[in-house]
Every structure is written in C-alpha cells, then in structure tokens.
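Sequences listed follow chains U and Y, in order. Counting in numbering that gives the first Met the number 0, the first sequence runs from 0 upward without gaps. Counting in numbering that gives the first Met the number 0, the second sequence runs from 0 upward without gaps.
Note that these hints are calculated values from the structure, not bench results. Computed from a prediction, not measured in an experiment: that's the story for all the values here. There could be a bad hint or two in this list.
Derived CB-CB ranges, DEER-like [stated by the list, open to error]: (1) G536(U) x P237(Y): 54 to 60 angstroms; (2) R272(U) x I81(Y): 52 to 58 angstroms; (3) L480(U) x R52(Y): 35 to 41 angstroms; (4) I81(Y) x K104(U): 48 to 54 angstroms; (5) E205(Y) x K593(U): 36 to 42 angstroms; (6) G214(Y) x P547(U): 45 to 51 angstroms; (7) Q19(Y) x N188(U): 54 to 60 angstroms; (8) H695(U) x R52(Y): 20 to 26 angstroms; (9) D390(U) x M66(Y): 35 to 41 angstroms; (10) W467(U) x M66(Y): 31 to 37 angstroms; (11) M66(Y) x E806(U): 24 to 30 angstroms; (12) D57(U) x M66(Y): 26 to 32 angstroms; (13) E205(Y) x G536(U): 53 to 59 angstroms.
We put the beta carbon where it would ideally sit given N, CA and C, even for glycine.
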Amino acid sequence: MTNHWVDIKNADLVFVMGGNPAEAHPCGFKWAIEAKKTRKAKLVVVDPRFNRTAAVADYYAPIRPGTDIAFFGGIINYLLSNDKIQHEYVKHYTNAAFLIDDGFKFQDGLFSGYDEAKRSYAKDTWKYQIGSDGYAKVDETLQDPRCVFQLMKQHYSRYAPETVQKICGTPKDAFLKVCEYIASTSAPNRTMSYLYALGLTEHSVGSQNIRCMAMIQLLLGNMGMAGGGINALRGHANVQGITDMCAYSQNLPGYLSAPNEGDKDRATYLEKRTPKALRPGQMNFPQNFPKWFTSLCKAWYGNAATKENDFAFDWLPKLGGATDTLAMFHAMFEGKLNGFICQGFNPLASVPNKKKVGDALAKLKYLVVIDPLATDTSEFWKPHGEFNEVDPTKIDTEVFRLPANLFAEHAGTFTNSGRVVQWRWKSADGPGESKEDAEILAALFLKLKAMYAKDGGALPEPILNLTWAYTQPAKPSPEELLREINGKALTDLIDPKDPTKVLFKAGEQLPSFGFLRDDGSTACGNWIYCGTWSQAGNNTAKRDNSDPSGLGQTLNWGYAWPVNRRILYNRASADLAGKPWDPQRTVMKWLGDKWGGNDIPDMAPTAKPEDYVMPFIMTPEGVGRLFSREIMADGPMPEHYEPFESPLDVNPMHPNNPKAKSNPAARVYKSDMEAFGTAKDFPYVATTYRLTEHFHYWTKQSQINAIMQPEQFVEIGEELAKEKGIKAGDKIKVRSNRGFIKGVAVVTKRIKSLEIDGKKVHTVGIPIHYGFKGATKPGFLTNTLTPFVGDANVHTPEYKAFLINIEKV
Amino acid sequence: MALQSLDIKQRSATTTPSPQARQTIEIAKLIDVSACIGCKACQVACMEWNDVRDEVGNCHGVYDNPMDLTEKSWTVMRFSEIEEQGKLEWLIRKDGCMHCADPGCLKACPAPGAIIQYANGIVDFHQENCIGCGYCVSGCPFNVPRISKTDSKAYKCTLCSDRVAVNQAPACAKACPTGAIQFGSKEDMKDYAAKRITDLKERGYEKAGLYDPAGVGGTHVMYVLHHADKPDLYSGLPVNPSISPLVALWKGATKPLATLALAGVALGSLFHYVMKGPNEVSKEIEKEIEKEDAQ
Chain U
0 MTNHWVDIKN ADLVFVMGGN PAEAHPCGFK WAIEAKKTRK AKLVVVDPRF
50 NRTAAVADYY APIRPGTDIA FFGGIINYLL SNDKIQHEYV KHYTNAAFLI
100 DDGFKFQDGL FSGYDEAKRS YAKDTWKYQI GSDGYAKVDE TLQDPRCVFQ
150 LMKQHYSRYA PETVQKICGT PKDAFLKVCE YIASTSAPNR TMSYLYALGL
200 TEHSVGSQNI RCMAMIQLLL GNMGMAGGGI NALRGHANVQ GITDMCAYSQ
250 NLPGYLSAPN EGDKDRATYL EKRTPKALRP GQMNFPQNFP KWFTSLCKAW
300 YGNAATKEND FAFDWLPKLG GATDTLAMFH AMFEGKLNGF ICQGFNPLAS
350 VPNKKKVGDA LAKLKYLVVI DPLATDTSEF WKPHGEFNEV DPTKIDTEVF
400 RLPANLFAEH AGTFTNSGRV VQWRWKSADG PGESKEDAEI LAALFLKLKA
450 MYAKDGGALP EPILNLTWAY TQPAKPSPEE LLREINGKAL TDLIDPKDPT
500 KVLFKAGEQL PSFGFLRDDG STACGNWIYC GTWSQAGNNT AKRDNSDPSG
550 LGQTLNWGYA WPVNRRILYN RASADLAGKP WDPQRTVMKW LGDKWGGNDI
600 PDMAPTAKPE DYVMPFIMTP EGVGRLFSRE IMADGPMPEH YEPFESPLDV
650 NPMHPNNPKA KSNPAARVYK SDMEAFGTAK DFPYVATTYR LTEHFHYWTK
700 QSQINAIMQP EQFVEIGEEL AKEKGIKAGD KIKVRSNRGF IKGVAVVTKR
750 IKSLEIDGKK VHTVGIPIHY GFKGATKPGF LTNTLTPFVG DANVHTPEYK
800 AFLINIEKV
Chain Y
0 MALQSLDIKQ RSATTTPSPQ ARQTIEIAKL IDVSACIGCK ACQVACMEWN
50 DVRDEVGNCH GVYDNPMDLT EKSWTVMRFS EIEEQGKLEW LIRKDGCMHC
100 ADPGCLKACP APGAIIQYAN GIVDFHQENC IGCGYCVSGC PFNVPRISKT
150 DSKAYKCTLC SDRVAVNQAP ACAKACPTGA IQFGSKEDMK DYAAKRITDL
200 KERGYEKAGL YDPAGVGGTH VMYVLHHADK PDLYSGLPVN PSISPLVALW
250 KGATKPLATL ALAGVALGSL FHYVMKGPNE VSKEIEKEIE KEDAQ
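Just chain U, same shape as in the assembly:
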C-alpha cells in the first residue's frame, strides 16, 4: 500500500476492482465500512461476481475476467475527454509534460521494438527526449504532440464506453456510472482509496493492470493524499515482509535488483543501478543505491567484505536466467533440478497445472518440506483416489518433512499491507519436535559450513565467511535478526559537515538509512528496515495508538518503512507552494522553514517549495509516471490483450493482428502453449478465488474453518445452470485442457452472463482452498485446471481467467 489500512477511513470513495476485501481481508475492510459510516463515503465494486464486498457496496458493475485494462482504459478516456483531472497535480507532479522519443510508436497492438521470435521488446524508443543539458525535455503547455499527455490521450481515445462494453461486457450505463463516481475525486479536496489484490495481479497483464490504476490516481491527484493511494491488500499476515526481504532470486533485500551474469564486477553492477537525475534539482533518491548495497554486503560478510575484494561482490550468486516460480517448476519439469527446499509453500496446490507440478516434483531426487502442516505437496507421491492419481512405485523422489512451528509459537515481526512492521510475541510452545524456521535453517547452514570447512569445495568462501555472530549459533534469536536487519555503524561515523562530531560510535544501531555509507563503515541487512531497531530499542514493539491527527496516522504504533512514513509521496498532498490540497486532511505542509504535518515528510525536510523538488523522490525525474518509459516488459502504456485462454477468437482491439491477441511479451513455454484450450471445447470463462471462511490451503486442516465451509463448490449463474440442467447442490465436473475437478454447484443470481462482442459468455467461479489433506471434505486441487502462464514482468500466474467446460456428474 502507498497508504495504510486505517487511512481507508479517510476516503470519499473506496473503489474495489480486482479484490474482494470483505471476504479476503475482513478485518482491514472495517476501515471501508468506517469511511461509509463517518464520511458518507461511497463504496464501488467492479468484479466478475457480485461478491460479499458488493453486498455492502453502493454500486456494483460486472466485468468479464481478464479485461481490466479495457475498463481502466475507458476510465482514462472518460477522465481526459470530460476534463475530470486534477490539472495542477498532473502538470507538476506527473510526467505528462515530458517529451517522448520520436521513434516511439504504437501500431496494430504492438509498441515499437517488438521481436516476435523472442516475444520481447527492444525498448530504446520508449524514452524521454533528452536536451543538450542532459535532462529530459518538457512542454508545460502539454500541447506538444510528443508529450506524454498527448500520447496518452491519443492512446486511450480508442477506449470509448461502447468499446468497454464490447470487451468487458459491462453495460455502458453501469460503466459510465462507475466513471462518474471516480471522476468526482478529481476535485483537489476529494480522494479515492483504490483497493486491489490478486484479482488484478493474477493475469498475463497483471503488472499493467496496476499501472493503469497508478495512472488514474495520478490523473485524479489522489497519490500522497489521506484517503487516496494505490492499496495492494496483501494476503498472508507477513507476505509484505517476505516481499520486503526479497526471498526471491531476482532481488536482494530491500528491492535491490540482484546481480546477473552481465555484471562482471561491482563497478559495472553499481553503474547500471545508480540512476542520474532526469530533471534539475530532483532528489533522485535511488542515487544512494551503492550505500544500501555496500551496507548489505557488510551485513552478510562483515570484515571479510573489504574494499580490496569489491566488498565480496564475487561471492554473490549471479543470475543466468529466469528464476521465478513458473521458471523454476518448468526447469524441474524438464528434469533440470535435483533438489527442492520448500519452506512455507504448498506448490502442488498453489502453482498452476497441478499435473505438471506433480510430474515435476517426481523428477527430483529429494524434496524437503519445512512446514507446520502435512501439506498436499509433501504427499504428492501418495495416491488419494481420484484427487491425486499417482503411482508411487514410479516416483523416486525422497521426501523429508521438517516440522516447523507456527507464527504464534515464536517471536518475530509481521509487516502488514500498510508497511507497518509490528513485533509479535511468542504465545505458546510448538508441538512435538517442531522448531522455528530460523533454527531449522541455522542447523542446515552450520552443517554445510562444517562440511565446507572439512572438505573444501568449488567456492567455499560465501559459506565460510558468512556473518553468523549469534549468541547461540544453532538458534539465532528473532531479536538478534531484527537488529542485524536494521544495521549499525561498524566504525565511528564522523559528521561529514563537522569533522569534530561523531554521529554514531562503532557498534551503535542506526536510526535511518540516511546514515548508511558505501565505504564499508556501515552494515545493514535491509535498507528499508533501517530504523526498526535503533539505539532507542525495538521500534516495531511500540504500541502507543494515540492519534493526534485524527487521521489514524498513529506514528508510535509499530514502525512503518521507510523511516516510519505512513503515507508514501506525501509531499504531493500539498500544492506547489506547500499548502495542503485539503486542509481538513493535512498530511504534509510547508511550515516556512521545513516540512511538517501529520507524517514523516517524503521530501528533504528543508527543501523549499520554490526549489521545485518534486514529490516522487524515488524516480530520477521526481514525478509520477503516466508513461513508464522502459521499466515494463510489455509497453510504456497499458494496452488490452486477451487472456491466453479467451472465449474470443481475436482481440477486439486488434482483430487483424493475431500477434496482439494476448500479451505479446509474456513468456510461454512450448508445452504450456500446447496445453491451452480453445473456446470450441471449453466455452466458459473460469476465475478462481478465495472464500472468507478459509485461508489458502492451510485452514482446510482446521476443524472450525472446515465446519464453516466444508466442501469444494463451483459457482454458476442461473442461466447457465438452466442450460445445463444443473440444480443447486448437484455435483458437477469442471474440465480444462489440463485436467478436471468436481464440486457442488452453487447456482446464483450473482454471476450473470455477459454479452461480449456479440457473443454470450458465461463465467464460472471456482474457489481454491480444498485438497486431499485436511479436515474439510477430501477434494481436488483447483489448480489442476489453471494454465501455466504468467505476467510478462513478474510472471504471476494467470489464475483469474481461463477456459473450462462443465457437466453434471
């Protein structure tokens, strides 16, 4: 979230599209209800299903799964053609005025630079025009045909309300009603809080879906404002934490892009990742990249990381290709992986195409499952009737289950969707021989280290030199880990402005990443978490919920990254002169000599308004991007592409270009392409989702949750049910080109058939949650059905839109 949970109560409009917070985030959703109760806010929901969020909404509009960009494009078109934008904000705080390279083009559904063979773009034209001063050229009148504003206007003029209806199936009047609600927040003192979750991300165009909303919120001037923002509702209580720690190969902790094979040394690596300002006087905060990275290397390798050895750069792994979940399981499927350690992850259930995942796991020599529960994955080799038809005699994979204890059985932190890091205390001992994850990993590490020490190896240094200064090496404490993540001074840090002054003595915990250095004098395990455990102690354990602002900012409750800031880009909540757009909801204002208000300024604290330092300090241009330059894999402005399994033969936006039917830049493996079904055999659109009664594949193991929602069901509209002779409570079989599942039919008025490009399209809703292990009725894994393809940028699988057929059992 750019904002935070409590801040939703400050909204005038809560807009939910691609999420279902009443069901998936019922506790956080209280703030949407609070906004309705106390601010007379409106709640608007756009979703393929009339869900439990829609049940309490002021307005609901249906949409065909996988067509969000057409809907958003229509909104952008509406805002621009009806002049419903926050003009001053757009002019100064976005890149609307920036001029784009003359070579940039969009034609027939493809952006300039497309390479069909590689399914990727050369992005050399997706750039600003750079002037002789080295800065990006702008036209503040927004009239230049090459400026972002004009290019955007032209691009989205193709998304008329009729086009939206044709693609999304949303009736034109319903679409326009939603537009009116949203447009009302273009007034400088009105805000929309935009809530989304996996309904937006789990598409082959997931990242561009979110880009659309970022553009809309920038056009409306809703970023940085109380009650505004782009608010990703994270699933697991600590999934934000795992994202921040970047337990993925592509990133190092704190979203530092990981080195790859092209980075031959530290200098090359840093040069590529340390941008220069694109406009004069901008903060260009990522220019500090070397400080964050060097401090990370010092946290990991301590005294062994020296200037002479490039601060241990050579010891870091260098990526040689894709390492996302789909890539990893595809490699496993091709027999290229020997072993897999699976910690807090149930991939047989949660990765698409269960058959492929099961076959992949069967090719491993060993599988280690670290989990508090006996997961479906840990029994992928075991026959469970028709739910898991396997032949164990043909599977050689050795499976080790290491029982971990649950989050309540050890101390640590949770980072919530609003980036608030909160300490939690142990409440019970784990059962049996279960251990903390850290203890299990420590045992593995110490064993490996002993083996390398004894036997040597190809490259023993990264293991032998790793910092491991815990009081009990076999059991690092959560407190020690958080202190290490926070970071400290390694030598006395001298004030650069006053050589007689020592800012921090060697060994002292640092209060903010502003003090990190790139000369090896500081260590920090994750720069954005610097401040969580300062000399003052564990700031994540603070529990003072006093709220002088009345806005729910509660700066002394836990610790929000970065630097305890609760609303990101909050400088943008004030106009150029530093006066709040809405004085009733002041987040930040210029106090004459510094920035102040009800948050930690997202700005150099003494940068005068007349210095024209723009609010989006994490971009080298200082402004929010309506045109995302070369950042995205699939285009600088979002375009509608059909899901890879679509009920339509063509993309209605580009009926004559088959290359532009589905995301041209999404990676598709050949065998998965062949496993796609067509509308001829699989005429219905399916979408998967979660139910409020369950959490992923965990709570099917819990008796109470099982009582609340005991059995797999499938939701179909009344019209389709009638066509197929299915009644509520009947058992039905759902088939995709990858397999089948069975479930109980829930026949509902809440899913209507939609007319798409002159054709009637039915949507079928399929909850996840069920499987062959647990207290719920034994069942199939829903991801038996889903296609093995993901977003072009981050490869999040397309769970939300694919094709199926149904029949009564």
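Fit chain Y to the supplied structure of chain U, relying on the hints for placement.
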C-alpha cells in the same frame, strides 16, 4: 444459578417473586445488516467461546454452513439473493435468539427454572433443569431453540450471559470485524441504529428501519434493515412475530387455572407413576400445543 451481577426477572414455571432491589440496565445487541459482510466470524467466536463444535457438513449449493441452527450452532448466517426493482442484493442475516422482552419459550416452559429471563433482558436456558419437552420450540416465534438428540436438552444463544455478567460484550460482537454487531444498553443501541438508518435513507434505502418487534414486547437482539418494511426478505425474518395464542393463554389470563390443571396432571402423573412406572412428562399438553401450533 443466577450469574453474579445478573438479577433474575423471571423463571419458567415458578411463582417465587423475583428480586427487586437492584436496578440493572436493559441491554441489547444490534445487528446492522447493512454493514454485515457474512464473514461468519460471529459463528466462529460463538463456537470457540461456548466450546461447541458442530459436524463438518457438506456444501448444499449455498454459502450457508452449517445449514441451520442446531444444539451446537447457536448462530448461523443466512444468505438470500433478492432482486428488488431490478437491483440485485445479497442480504446476509445473522440468525439466532432474539432475547424477546416477552419470551414465548419461557412462557411455554413447564420445567421450573429451565428458562430464565434476567433483569437486563437476556433470556437464558439452564439445561440442568430442562426436561427436553420441546415446548420452548413451540413457544418461540423465531424458530430458535433446538433439542439435542444426545442429551435431550434445549440449546440456543445465551447472549453470552457469562461474559455480560462480567461486563464483556458477547463473543460475536467482539469478533465482528466491521462493527455490524454492536452491543450496549438498549437505549444506546436504538440511538446508534437511528444514525445508521439516517445514513441508509440518504443512500436510497427509503424504507430502512429498526427491527424491534412489538408483538414480543421488543427484543434484546435488534436488526438495522435496509428494507424494514419487508423483514421476510431476510431469509424469512417474521413480519409480525408474536407468541402462539395457546401459549399466551396457557401462561396468561388462565394461568391460575393452568396451574390447577398442571397440579391435576401432576397428581395424575403420580398416580400413573405409582401404577405404571415412569413416563414422559405431560404428553397430553404437548400434543395439544402442537395441534394448536399446526393450525
């Protein structure tokens, strides 16, 4: 046994006068249907606080589960899909005991002290005194009490009388994430409801209102409804609930006669017991009431 700080207002089949000295506040639970998201946290909290676990059932083609109130499910969410003037609504109502000011169950109950009404308005079943006759089921205008097949005792929501006795809100109210379940004095709850109703009217629900039916003397569980003129849209919430006329007669005007009759029955039973051994209590009366109910 009365809970500390909860004075008894009336006991079933008892003529002993109730205590009068202390003044306690009349309480109420307010269920704001317009803020309810059907998350079933209330069902879970109820199960956990009261240590009851129903069976893991099946899906019956709807979101409701368990499908009905049972001796182990004292509250359930009832989901109904309706289309009013072309607009689809998914009305979700938390069902359970309404804690009537004039409780039909208590009136109908022949077992001394099996049903208690506290001075604060809570109607509570004391299962140790329950004879399992089922009159409370017949007496209830909301079809709430359930007789256990295991122990032949009647069960229903206690409004967490044990929590309320120590100034805690009922478990369901504490667990509700959206504040759809509010708890406090009946007066405060009515004030709160009035604000919610104003808000709903501003949002176009012209018939929004409070459900606090006079036919049972008002209730200590009330609903804010968007369509207060059509309570039956909410999975059959009674439009004008009232106590079955026979129960009203049985324990109302003819009570002295009824007591005499009961004494007669008791004598008869004694005779019966002496002559033929133990038997179920008051079969004749039960049949009579059932016959009346069926009409």
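Hint check:
G536(U) and P237(Y) have their C-beta atoms about 59 angstroms apart, which keeps the hinted 54 to 60 angstroms range intact. Separated by about 57 angstroms at the C-beta atoms, R272(U) and I81(Y) satisfy the suggested range of 52 to 58 angstroms. Taken as a hint, the range 35 to 41 angstroms holds for the pair L480(U) and R52(Y), whose Cβ atoms sit roughly 38 angstroms apart. For the pair I81(Y) and K104(U), the beta carbons lie near 52 angstroms from each other, so the given range of 48 to 54 angstroms is met.
Taking the beta carbon of each, E205(Y) and K593(U) are about 52 angstroms apart, not inside 36 to 42 angstroms as hinted. For the pair G214(Y) and P547(U), the supplied restraint of 45 to 51 angstroms holds, since their beta-carbon distance comes to about 49 angstroms. Distance hint check: the CB atoms of Q19(Y) and N188(U) are about 58 angstroms apart, consistent with the given range 54 to 60 angstroms. For the pair H695(U) and R52(Y), the supplied restraint of 20 to 26 angstroms holds, since their beta-carbon distance comes to about 22 angstroms.
Separated by about 39 angstroms at the C-beta atoms, D390(U) and M66(Y) satisfy the suggested range of 35 to 41 angstroms. A hinted range of 31 to 37 angstroms is violated for the C-beta pair W467(U) and M66(Y), which are about 56 angstroms apart. Between M66(Y) and E806(U) the CB atoms are about 26 angstroms apart, so this pair conforms to the stated range of 24 to 30 angstroms. The hinted range of 26 to 32 angstroms is satisfied by D57(U) and M66(Y), whose Cβ atoms lie roughly 31 angstroms apart.
Checked against the hint of 53 to 59 angstroms, the C-beta distance between E205(Y) and G536(U) comes to roughly 56 angstroms, which is consistent with it.
Going down the numbered hints, you'll see the structure goes against 5 and 10, while the others check out.
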